[in-house]
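K.L.:
Input sequences plus hints: build the corresponding full structure.
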Amino acid sequence: MYLESQKQLAETLRDVLQNKYGVQPENVPVEIPPDLKFGELATPIALQLARTLRKAPKVIAQEIVAALGTVDGFAGFEVAGAGYINARLERAAFVAETAQAALPKIAHTHFRVANPPHALVEHTSINPNKAAHIGHLRNAILGDTFVRLLRAAGHKVDVQNYIDNTGVQVADVVVGFLHLEKRSVDEVRALVAACEQRAATEGHTAAIDYLCWDLYARTSQWYAEGTAEENGARKKLRYDTLHAIEHGGNETAEVAELISTAVLKRHLETMLRLGIEYDFLPRESEILHLKFWELAFEQLKQKGVLYFETEGKNKGCWVMRRPGAETAADEVDEDAKVIVRSNGTVTYVGKDIAYHLWKFGLLGRDFGYQPFFRYADRECWISTEHGVEPHPHFGGAQAIYNVIDSRQSDPQANVIQALRGMGYTEQADRYIHFGYEMVALTPSYAAQLGYQLSEEDRARPYIEISGRKGFGVKADDLMDLMIQAAKAEVVKRHADWDEAAVMAVASKIAYGALRYYMLRFTRNSVIAFDQDMALSPEGETGPYLMYAAARIRSIFRKAGTAPEAALAELAGMAELGRFLTGADDEDIWALWLRAGRRSMVLEQAIATSEPAYIAKHAFQLAQEFSNFYHNHHILTEEDAGRKKFLLATAAVTLHELVTVLAWLGIESPEAM
RNA sequence: GCGCCCGUAGCUCAGCUGGAUAGAGCGACUGACUACGAAUCAGUAGGCCGGAGGUUCGAAUCCUUCCGGGCGCACCA
57 MYLESQKQLA ETLRDVLQNK YGVQPENVPV EIPPDLKFGE LATPIALQLA
107 RTLRKAPKVI AQEIVAALGT VDGFAGFEVA GAGYINARLE RAAFVAETAQ
157 AALPKIAHTH FRVANPPHAL VEHTSINPNK AAHIGHLRNA ILGDTFVRLL
207 RAAGHKVDVQ NYIDNTGVQV ADVVVGFLHL EKRSVDEVRA LVAACEQRAA
257 TEGHTAAIDY LCWDLYARTS QWYAEGTAEE NGARKKLRYD TLHAIEHGGN
307 ETAEVAELIS TAVLKRHLET MLRLGIEYDF LPRESEILHL KFWELAFEQL
357 KQKGVLYFET EGKNKGCWVM RRPGAETAAD EVDEDAKVIV RSNGTVTYVG
407 KDIAYHLWKF GLLGRDFGYQ PFFRYADREC WISTEHGVEP HPHFGGAQAI
457 YNVIDSRQSD PQANVIQALR GMGYTEQADR YIHFGYEMVA LTPSYAAQLG
507 YQLSEEDRAR PYIEISGRKG FGVKADDLMD LMIQAAKAEV VKRHADWDEA
557 AVMAVASKIA YGALRYYMLR FTRNSVIAFD QDMALSPEGE TGPYLMYAAA
607 RIRSIFRKAG TAPEAALAEL AGMAELGRFL TGADDEDIWA LWLRAGRRSM
657 VLEQAIATSE PAYIAKHAFQ LAQEFSNFYH NHHILTEEDA GRKKFLLATA
707 AVTLHELVTV LAWLGIESPE AM
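Residue numbers (our numbering): 57 to 728.
Among the clues, some could well be false.
[To be verified] Straight line, CA to CA, 25 Å or less: simulated DSS-like cross-link-like pairs of lysine-lysine: (1) K548 <-> K614; (2) K238 <-> K292; (3) K407 <-> K291.
[Unchecked claim] Pairwise CB distance ranges, derived in the manner of DEER restraints: (4) E594 <-> N83: 37 to 45 Å; (5) Q104 <-> G210: 27 to 35 Å; (6) E594 <-> P379: 43 to 51 Å.
These aren't lab readings, by the way, just hints derived from the structure by calculation. Ideal Cβ placement from N, Cα and C applies to all residues, glycine included.
P.N.:
Here's what the structure looks like:
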């Protein structure tokens, strides 16, 4: 609602400027003033035009206000400060329309886009060789939330989780199974099956991903703990194993397939706990076996992006210029990125270029598809060499978002550079590296988890999770710990609830707390995770937001009416203005204004690829409601009309809060 | 050496395309439950926005430079 008012004012201003001064500024800024006393919208346009029009800003502002006259939806305009134009909204109309928009039927048609953009979001992408950890959770939660935002805005979105099932990390656990533990293929197969059975009864700590977590650590250690000669042989074994897996069609590759598939299933289960689902799982093995690279290589050579180096350190390689590289034409570009090695094999970036050509539908070849994992209402597909028919089609997107941590911005930039060099500039512009910083632990939480910290460590703002130092938290363990902690709080307050009820609510609180904590920080800020901070009922946390919603629901239970009914009643009320103009009513107006701000915040969050804006918005909404709740007693209000209005205010808050929390992937319990 | 990110209140962080008195949470201190859930709310203290130049009517925001911190820069995946 707010967004519509803002756009309308900008348009009207544009007309006025054109008619009166014959100017067409690139953009007409319409902002939200720092304080309600300045109105609900404001523009500094007169200040901007002062120079070109050679007039005092205040004079221009007055002229514009005069020319604006009356505008639908606005109560008036005034000149303030050095030359601001402040706009006051027609409050009653704004409230009525915001309430209307919250009614179910209208809400659904609100964001129907005629020709929806097709976006592809890739996130999670965990090496399928061990259990997911806390860092992976930030990736998946960020990606999943962004998917929800795009879908809320009416985009068509495919969610992909890229699986590197033929990489060194998988090779390492395969080395562990075959050479440290000396198991045969059949033994590994039996072990995978046994783990699955045990996990079904004993829980996920008995599952294959937990087992691999330890084996992977042991193998990594084993590479370095022998004599120099032994270690050399072990390194060779590692790369021979890797190459056998890449090549396929042998027992080593079969073990890799068994392990990576079983671990992948576990990752999907882990993420499903947080409501995170995928549409398609493209695997590295198919990119290799379906020879995506050969097609890409032809294109790259043809378009001159790759050239064969005949001099210098990269002699004998096919290389590509790095973005922003400047070298004279006759000089050897020693800094160039190698795409094909002198032995003829392709590097990681090369494979990634091929994969991204596929994403944009520019490769001319497709994966085979087969169903892999069943969700409540849909199927998750996986790539395969020879797929089933019929199958859905993925790829060919107009825009892509890669949720990958910031450290990988260099290879990402190389892929974008290659696309640009091939003339796919539009695609390069819509290739978004959705980067984010790492998740660490607060020193106190690291200590709580049992890690030994030095004096120096304790003074740090955060403790980095590091395989080398042995700091790591499995995602499932973390969620279990959080549920236990939440459970203790729920039991304290609801001694009469049965175990199932307590667990259901405790899980919602734990998952919501976790998701909110991962989302409240902007992407390029390091998160120092702390369970107690995330679960705190006070402050900017998930539980605080859920509590606000639970309290509103409680009001409606006591009032004996439903939020929808309260909103519907408001629609029929006349003279809403009388509830919005009193000296004590400013906080109510502020709340409606916040409630009407949803689409504005959504647009901003998508434009900047920053889900944290939504988290912030949800918090402010809850906070303003709590303020309102303490200032106005709803159920004892004697003025019947005013009581209805207060109830509708609570109803619109609940509706907005629940909607926005759903975008964040957070469910709020009825009571907590 | 080159490139990217960061430096805002005691701590952790917001601050939208430059705009009105720089905000929030936590922590500290004061208050508010015989009214809808106190897992709450209200208030107070706390800031030369890393330093210095510059552009602008206007800079936490843009440019230059320096200081301090983090991360990248493989014929590894």
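K.L.:
Does each hint hold? Answer for all of them.
P.N.:
Taking the hints in turn, this is what the structure says about them:
1. K548 <-> K614: holds (23 Å)
2. K238 <-> K292: holds (17 Å)
3. K407 <-> K291: Given pair K407, K291 holds - Cα atoms ~24 Å apart, limit 25 Å.
4. E594 <-> N83: 37 to 45 Å: Between E594 and N83, where Cβ atoms are some 40 Å apart, the hint holds.
5. Q104 <-> G210: 27 to 35 Å: holds (33 Å)
6. E594 <-> P379: 43 to 51 Å: Given a distance of about 46 Å, which is inside 43 to 51 Å, the answer is holds.
Comparing the model with each earlier hint shows no violations; every hint is respected.
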